[in-house]
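From just these sequences and the hints, can you work out the full model?
The listed protein sequences correspond, in order, to chains A, B, C, D, E and F. Note that numbering that gives the first Met the number 0 has the first sequence beginning at 0, numbered continuously upward. Note that numbering that gives the first Met the number 0 has the second sequence beginning at 0, numbered continuously upward. Note that numbering that gives the first Met the number 0 has the third sequence beginning at 0, numbered continuously upward. Note that numbering that gives the first Met the number 0 has the fourth sequence beginning at 0, numbered continuously upward. Note that numbering that gives the first Met the number 0 has the fifth sequence beginning at 0, numbered continuously upward. Note that numbering that gives the first Met the number 0 has the sixth sequence beginning at 0, numbered continuously upward.
Read the hints as simulated data drawn from the structure, not as lab findings. Don't take each hint at face value.
Where chains are identical, the list cannot tell them apart; a pair therefore holds if satisfied intra-copy or between any two copies.
To be verified - Distance condition first, Cα-Cα at most 25 angstroms in a straight line; then the derived BS3-like pairs of lysine-lysine:
| id | residue 1 | residue 2 |
| --- | --- | --- |
| 1 | LYS188 | LYS220 |
| 2 | LYS1 | LYS171 |
| 3 | LYS220 | LYS171 |
| 4 | LYS1 | LYS188 |
6 protein chains.
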Amino acid sequence: MKVLVVNVNTTASMTEAIAARARQAAAPGTEIEALTPYFGPASVEGNTESYLSAVAVMDRVLAHPGPYDAVVQAGFGEHGREGLQELLDVPVIDITEAAAHLAMLLGRTYSVITTLDRAVPQIEDRLTLAGLLGRCASVRASGLSVLELDHDPDRAVQEIAEQAVRAVHDDKAEVIVLGCGGMAGLEEKVRARAGVPVIDGTAAAVKLAESLTGLGLSTSKIRTYAPPRPKDVTAWPLGAHLGLWPQREAGPR
Amino acid sequence: MKVLVVNVNTTASMTEAIAARARQAAAPGTEIEALTPYFGPASVEGNTESYLSAVAVMDRVLAHPGPYDAVVQAGFGEHGREGLQELLDVPVIDITEAAAHLAMLLGRTYSVITTLDRAVPQIEDRLTLAGLLGRCASVRASGLSVLELDHDPDRAVQEIAEQAVRAVHDDKAEVIVLGCGGMAGLEEKVRARAGVPVIDGTAAAVKLAESLTGLGLSTSKIRTYAPPRPKDVTAWPLGAHLGLWPQREAGPR
Amino acid sequence: MKVLVVNVNTTASMTEAIAARARQAAAPGTEIEALTPYFGPASVEGNTESYLSAVAVMDRVLAHPGPYDAVVQAGFGEHGREGLQELLDVPVIDITEAAAHLAMLLGRTYSVITTLDRAVPQIEDRLTLAGLLGRCASVRASGLSVLELDHDPDRAVQEIAEQAVRAVHDDKAEVIVLGCGGMAGLEEKVRARAGVPVIDGTAAAVKLAESLTGLGLSTSKIRTYAPPRPKDVTAWPLGAHLGLWPQREAGPR
Amino acid sequence: MKVLVVNVNTTASMTEAIAARARQAAAPGTEIEALTPYFGPASVEGNTESYLSAVAVMDRVLAHPGPYDAVVQAGFGEHGREGLQELLDVPVIDITEAAAHLAMLLGRTYSVITTLDRAVPQIEDRLTLAGLLGRCASVRASGLSVLELDHDPDRAVQEIAEQAVRAVHDDKAEVIVLGCGGMAGLEEKVRARAGVPVIDGTAAAVKLAESLTGLGLSTSKIRTYAPPRPKDVTAWPLGAHLGLWPQREAGPR
Amino acid sequence: MKVLVVNVNTTASMTEAIAARARQAAAPGTEIEALTPYFGPASVEGNTESYLSAVAVMDRVLAHPGPYDAVVQAGFGEHGREGLQELLDVPVIDITEAAAHLAMLLGRTYSVITTLDRAVPQIEDRLTLAGLLGRCASVRASGLSVLELDHDPDRAVQEIAEQAVRAVHDDKAEVIVLGCGGMAGLEEKVRARAGVPVIDGTAAAVKLAESLTGLGLSTSKIRTYAPPRPKDVTAWPLGAHLGLWPQREAGPR
Amino acid sequence: MKVLVVNVNTTASMTEAIAARARQAAAPGTEIEALTPYFGPASVEGNTESYLSAVAVMDRVLAHPGPYDAVVQAGFGEHGREGLQELLDVPVIDITEAAAHLAMLLGRTYSVITTLDRAVPQIEDRLTLAGLLGRCASVRASGLSVLELDHDPDRAVQEIAEQAVRAVHDDKAEVIVLGCGGMAGLEEKVRARAGVPVIDGTAAAVKLAESLTGLGLSTSKIRTYAPPRPKDVTAWPLGAHLGLWPQREAGPR
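As C-alpha cells, then:
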C-alpha cells in the first residue's frame with residue numbers, strides 16, 4: 000500500500016524529516032510518499048496560515064496523479080482534514096487526532112506539548128471538534144517556533160521535555176503527545192525524561208492508515224464528508240491556476 | 000463608520016442581496032460596502048468549499064485599500080473568521096455567531112434553519128467553537144441548496160417556515176435564526192408562520208459591528224488573534240498572484 | 000428610543016454612575032432613564048439580597064408609566080432578568096450577559112473581575128444558565144465590596160487591574176469584563192494595565208438594547224418568557240402596597 | 000426534631016396537602032410545621048412568580064420565632080433555596096433537589112413530570128445549577144396547571160401517569176419524580192401505571208432533612224451561603240413592613 | 000430495619016471500624032450487620048483489586064441468608080454497586096455516592112480527600128458515572144495507603160486535614176468528603192481544621208438507606224438493574240465453590 | 000508478534016468466532032491466540048455478569064505463561080480493561096474502545112448496534128469513561144440476546160441492519176459499530192444495508208494492537224495503571240484456587 004504524507008508548510012527539510020519518521024513507522028510493504036505544498040507559509044503558526052495551508056494541502060493532493068491508499072495530513076492542530084475527506088475516497092488521517100487516539104489507549108489522560116503559546120487554542124479546538132478533548136489533561140507550549148525547532152533540536156528536546164515533566168506532575172498526564180509535525184524523532188529523548196509513553200503524530204497516523212486500509216475501511220460519504228457538489232469554482236485548483244503544478248494533470252477526482 | 004460586508008461566495012447577486020439587508024439594518028451614519036471574493040465557489044456547501052472560501056475572503060479583504068471600521072463575514076457556518084481577526088485591527092463579526100448572540104438575548108433557546116443537510120455539522124461545529132451551542136435547540140436543514148434559495152424565494156420561505164415551525168414545536172426553540180447569508184429578507188415571512196422572533200445573521204452582525212465600534216472595542220491581540228508572524232509565504236495573497244486583484248495595491252497590513 | 004436602566008440596589012449615587020456610563024455609551028437619539036428600586040439592599044452581595052433585588056427591580060419597572068423601548072438590568076450576576084422578560088414586551092438586557100456576549104466577539108476567552116469572593120458563584124451560575132460560561136476563563140474577585148468600590152475608586156482600579164493581569168497571564172483570558180455595575184468608567188485604566196479589551200456591562204447592554212430595537216426584535220413569548228398567567232397575587236406590586244410608589248399608577252402591563 | 004415545611008404559594012389547601020405528605024414521610028419524633036407565605040401568588044408558574052415566591056418564603060421563615068432543626072422549601076423548580084441557606088444555620092432542603100438525589104440512588108436515570116410546559120425550563124435550570132441534570136432523562140409537562148391539579152386529582156393522576164409511561168418508554172427513565180409540590184400523595188397510583196419507583200419531593204426532603212440533622216450536619220457557611228453582610232435594607236422583611244406578620248416578632252436571625 | 004454494611008476488603012479490623020461508624024449514624028431501630036468478604040485483597044487500591052472486590056462483595060452478600068432491608072457498600076470509589084443492584088430487591092447504597100449526595104445539600108461544591116494518588120482517577124470515574132462529578136471541586140490524595148490509615152490515625156488526621164484545607168482554599172470546596180471507608184470517625188477533627196462540614200460516606204449511606212426504606216422505595220428493575228438473566232454461570236458463587244462459605248446456604252436469590 | 004484475544008464469556012463457540020475474525024484482520028506475522036475464561040457466565044449481559052467476567056478475564060490471562068505482545072479484551076461494553084492494564088506490561092485493547100477510535104476516523108459520528116436494551120447503559124458508561132462518547136450518535140439495541148445472535152445469524156443480520164439504518168437516518172450516524180463480540184463477521188451484510196462503513200471491534204482491536212506494538216508503545220504505568228501494590232490477596236488467582244487452571248503455573252507477573 001502507498002500512503003501520501005503531506006506536510007502542511009513549504010519547508011522541504013521539514014517534509015523530509017516527517018517522511019523519515021513515517022518510513023520508520025511504516026510496516027513492511029507500506030510505501031511512503033511525502034509531499035510539500037506548492038504554495039503557503041514556510042511554517043504554520045496561527046489561523047491565517049492554517050487556513051491557507053488547508054487549501055494548499057488540498058491543492059497539493061489534487062495535483063497527485065495517484066493511485067494511493069491513504070493520506071496523512073502532517074500538521075499538528077491545523078485546519079483542512081475535513082476538506083480532504085470530501086475530496087478523496089481513501090482514508091485521511093490528521094496527525095493531531097491520530098496521536099490522541101493512540102494516547103487514549105495507553106493512559107487515562109494525555110498532554111500535548113506544542114511550539115508557541117498561540118498554537119494552543121487551535122489544537123484545543125481541533126481536539127474539541129474531533130471529540131477527543133475530554134481525556135486531554137493539557138496543551139502546553141514549549142515556547143519554540145516551528146522553525147527554531149527545526150534548527151536547534153537539542154534545545155527543542157530540553158524545552159519539550161521540561162513541559163512534558165510538568166504535564167505529568169502538575170496536570171496528571173499519563174501520556175505525552177508531541178504537538179508539532181516537526182518534532183518527529185524526539186520521542187525517545189522526551190520519554191526518557193518524562194517517564195511516560197511519548198507519541199509522534201506522524202508515526203501514529205501511518206499506523207492508523209495501515210489499520211484502516213488493512214480492514215478495507217474508508218471515509219463515510221453519507222453526510223459530512225460527501226463529495227463537493229458540482230458547481231463553478233473560480234481559479235480552482237489554485238496551484239494549477241498559479242502555474243505551480245508541474246504539469247496540468249488532473250488529480251484523483 | 001464604514002463596515003465591509005464580505006460575501007463568502009462568488010455569486011454577485013447574492014452579494015447584492017446581503018448588502019441590501021446590511022444597509023437596511025445599518026444605523027444612520029453607517030456605510031456598508033459589500034465585497035465579493037475574487038476566486039472560490041459560486042456557493043459554499045461543504046468543507047472543501049468553506050476552506051477555499053475562508054482564504055478567498057481573507058484575500059479579498061486584504062485587497063481593499065481601507066480605511067474601514069469593521070468587517071462582517073457573511074457566510075453562515077463557514078470557516079475563516081479567526082484568520083481575518085489575526086489580519087485586521089478592526090472588529091470582525093461572523094454572521095453565524097452574531098445571529099446566535101442576539102437570539103440568546105431573546106429566548107432561552109434558538110434553532111437554526113439552514114440549506115442542505117450537509118451544512119448542519121459545519122454550523123454545529125462553528126457554534127461549538129464559538130461557545131454558543133449550549134442554547135441551540137437544533138440546526139435543521141430546509142433541503143434547499145444555496146442557489147435554489149436564490150432562485151426560488153417563495154419555495155424557500157415555505158420550506159424554511161416549515162422547519163421553523165417544527166423547531167418551535169418539536170425542539171422547543173424560542174427564536175429562529177436564518178442559517179444562510181442568502182436568506183436575508185425572509186425574516187418577516189418566517190416569523191409570521193413560526194410565531195417567534197426570526198434573526199438574519201447579516202443584520203445582526205451589522206448591529207454588533209456598530210456596537211463594538213461605538214464602544215471603541217476591537218479584537219484582543221494578546222494570544223489567539225495575534226498578527227501572523229513575519230515569514231516567507233509563497234504566492235500570498237493568492238488573488239494578487241493570480242492576477243485577479245484590480246491592481247496590486249496593498250491592503251491595510 | 001428610550002432605554003430604562005435599572006440599578007439593582009437602592010444606592011442613588013450608584014444609579015447615577017451607571018446612568019452616566021449608559022449615556023456615554025448611548026448612540027445619538029437614545030435616551031437613558033435610570034431607575035432606583037423603592038426597596039431592597041443598599042448593595043447586592045449574596046443570594047438573599049439578589050432575590051430581594053430581583054423583585055424590587057420588577058416592582059420598580061412596573062411602577063414606571065412608560066413608554067420605553069428596552070430595559071437594562073444593571074446588576075452583575077443578579078437574579079431577575081427572566082421575570083422582567085415575562086412582564087414586558089420590550090427587550091430586557093442583563094449586563095452580565097451583555098458583557099459576555101461582546102467579550103466573546105473580541106477574544107476566544109474572557110474573565111470577569113468582580114467584587115467579593117462570594118459573588119463568584121452567583122456570576123458563574125448566571126453565565127451557566129445563559130449558556131455563556133464555556134468561553135469564560137475565570138471569574139475572579141478583587142476583594143472589594145460594592146460600597147468600597149464606590150468610595151475608593153483608586154484602590155478599586157488597582158485591585159481590579161491586578162486580578163485582570165492575573166486572569167490574562169494565568170487563566171489565558173483575552174478579554175476582561177468588569178463584574179459589577181459600579182465599576183462603570185474604569186475600563187480604560189484597567190485596559191492600560193492588562194493589555195486586552197475591557198468591557199463594562201452597562202455600556203454593552205445599552206448597545207445591545209439599541210441593536211435589538213434597531214432590528215425590531217423583542218423577547219420571544221412562546222414559552223419560557225410568556226406573560227404571567229392571571230391569578231391572585233397577594234400584595235403585588237409590593238412597592239405599591241408598601242406605599243413606596245410615588246402614586247399608585249399602573250405600569251405598562 | 001422539628002422541620003418547617005414551607006409552601007411556596009399562598010393557597011392554604013396546598014399547604015395542608017404538603018404537610019400531610021410530610022407527616023406521612025416523617026420518622027417518629029419528627030415534628031412537621033407547615034407554613035404558608037404571607038404574600039405572593041396563589042400558585043407559582045413562571046419566573047416572575049417564582050422570584051416573588053422566593054422572597055415571600057424567606058420572609059415567612061424569618062417571621063417564625065423558632066426553634067426548628069431544618070427547613071424544607073416545598074416548591075418544585077422554584078428559586079430561593081440559596082437565599083434561605085444564607086439566612087439560616089439549619090439545613091435547607093429544596094424538594095426539587097431532594098427528589099433528584101433519591102431518584103439517582105434508585106435508577107440510572109429519572110424523569111420529572113411537572114405541570115405546565117412553561118415550568119420545564121425552570122426545573123431544568125434548577126437541576127443544572129444543583130449539578131443534578133446529568134442523569135435526568137427528561138422533564139415532561141402534564142399540561143395541568145397547579146390549581147387544576149389541586150381541584151381534579153383523578154384527571155391529574157391520568158395525565159401524569161401517561162407522561163410517566165412515555166418517559167419510561169421513550170426517554171428511558173428508570174425513576175419518576177413528581178414535579179410539583181401539589182402532586183404529593185399520587186405516588187402509588189403513578190407507580191402502578193409506570194412500573195418504576197415514583198418519588199415525591201416533599202417526602203424525599205423530609206427524609207434528607209432527618210438524615211442531615213441526624214448526622215449533625217448543616218449548611219457550609221464558608222463562601223456561597225455565608226450570612227448576608229450587615230447593611231441597610233429598605234423595607235425588609237417585607238411582610239413585617241406590609242403589616243402581614245402576625246406580630247412584629249424577630250425570626251431566628 | 001436491618002442494614003448490611005459490607006466492607007470491600009478482607010481486613011476485619013476495618014470492617015469493625017466501619018460497623019462502629021454505621022451504628023453511630025443509625026437511627027434507633029436500625030440494626031447494622033457488618034460483613035467481610037470471604038476472598039479478595041486486604042485493602043483495595045487500584046482497578047485489579049477493585050474488580051476482584053466487586054465480585055467478592057456480591058459473593059459475600061449472596062452468602063447471607065437474609066432477611067435485610069438495605070445494603071451499604073462501604074468502599075470509596077470501588078466498582079460493584081450496579082452488580083448488587085441487579086442481584087437484590089432492596090436498596091443498595093455506595094458510600095462514594097452517598098457522601099456526594101449529602102455534600103451537595105450542604106454546599107455548592109465539595110472535595111474528596113482520599114488515600115493514594117492512584118485512587119483519584121477511580122473516584123472521579125465513579126462520580127462521573129453516578130452523575131455527581133459536576134459539583135466536585137477536586138479529589139485530592141493524602142498520600143497514605145489504606146492500611147497506613149488504619150495503623151496511624153494521628154498522622155492520618157494531619158495529612159487529611161492538610162489536604163482539606165487546601166481543597167477549601169485553592170479549589171473552593173465548601174464541604175469535605177472523607178474518601179475512604181477507613182476514615183470513618185475522623186470527621187470532627189478534620190472539620191475543626193478545615194472549617195467546613197465533613198462527611199463520612201458510611202454514615203451518609205446508612206442515613207440514605209434509612210430514608211429510602213422509610214419511604215418504601217427500592218431499586219428500579221426496569222432496565223439497567225434488572226435481575227441477571229437465567230443462564231449457565233461456571234463456579235458462581237465463587238466463595239461457595241472455593242469452600243469459603245460457612246455452609247452452602249443460598250442467599251436471597 | 001502474538002496477540003492474546005480473550006473472550007469474556009465461557010462459550011467456546013463464541014471464542015472461536017472471535018478468533019476467526021481476529022485472524023482475518025491480523026497482518027502477516029501476527030499470531031492470534033484466543034482464550035476462554037475458566038469460570039463465569041456463558042454470555043455477559045448485565046453488570047453482575049460483567050464484573051464477574053472482568054475478574055475471569057484477568058484470571059485467564061494470568062494463567063497464560065506468555066510470552067505475548069498484546070491483549071485484546073473481546074467483550075463489548077464490559078468491565079475489566081483497566082485491571083488488565085495494571086497487571087500487564089503489554090498493551091491491552093478493549094474492543095468497545097477500539098471500534099470507537101476507528102469509527103471516529105471515518106465519520107463525524109457513529110452509532111453502536113448492540114444486543115439487548117439492558118446492554119445500552121453499560122456501553123454508554125464505558126464510552127463515557129474512555130472519553131469517546133462525544134461523537135457517539137446513539138447506542139441502539141437489536142433486541143437479540145448474545146446467545147440468540149450466536150444461534151441465528153440470519154435473523155441477527157436483519158435486526159442489526161434495521162437498527163443501523165435507523166441510526167443513520169434518525170440519529171445521523173455516519174459509521175456503524177457492531178456492539179457485541181459475537182457479531183464479528185456481519186460487517187459486510189450490515190454495510191450493504193446501511194450504506195456506511197461498519198466496524199467490528201475485534202478486528203479494530205487487532206489492528207490497534209499491531210499499531211501500538213509496531214511503534215514500541217505500551218501502557219503508561221505512572222498513575223492509573225501502575226501495577227497492583229504487594230499485599231495479601233485471599234484466593235487469588237481464583238481459577239488456580241478453584242483448580243480450574245490446567246496446572247498451577249504462574250502468569251507473566
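Taking the hints in turn, this is what the structure says about them:
In this homomeric assembly, LYS188 and LYS220 come within 25 angstroms of each other (Cα to Cα) only across copies, at 18 angstroms, whereas the closest approach inside a single copy is 41 angstroms. In the homo-oligomer, the alpha carbons of LYS1 and LYS171 never lie at most 25 angstroms apart, since the shortest distance is 38 angstroms inside one protomer and 32 angstroms across protomers. For the homomeric pair LYS220 and LYS171, the shortest alpha-carbon distance between copies (12 angstroms) is at most 25 angstroms, but the shortest distance inside one copy (38 angstroms) is not. Taking identical chains as interchangeable, the C-alpha atoms of LYS1 and LYS188 are never at most 25 angstroms apart, the minima being 29 angstroms within one chain and 28 angstroms between chains.
In terms of the numbered hints stated before, the structure departs from hints 2, 4, listed from lowest to highest.
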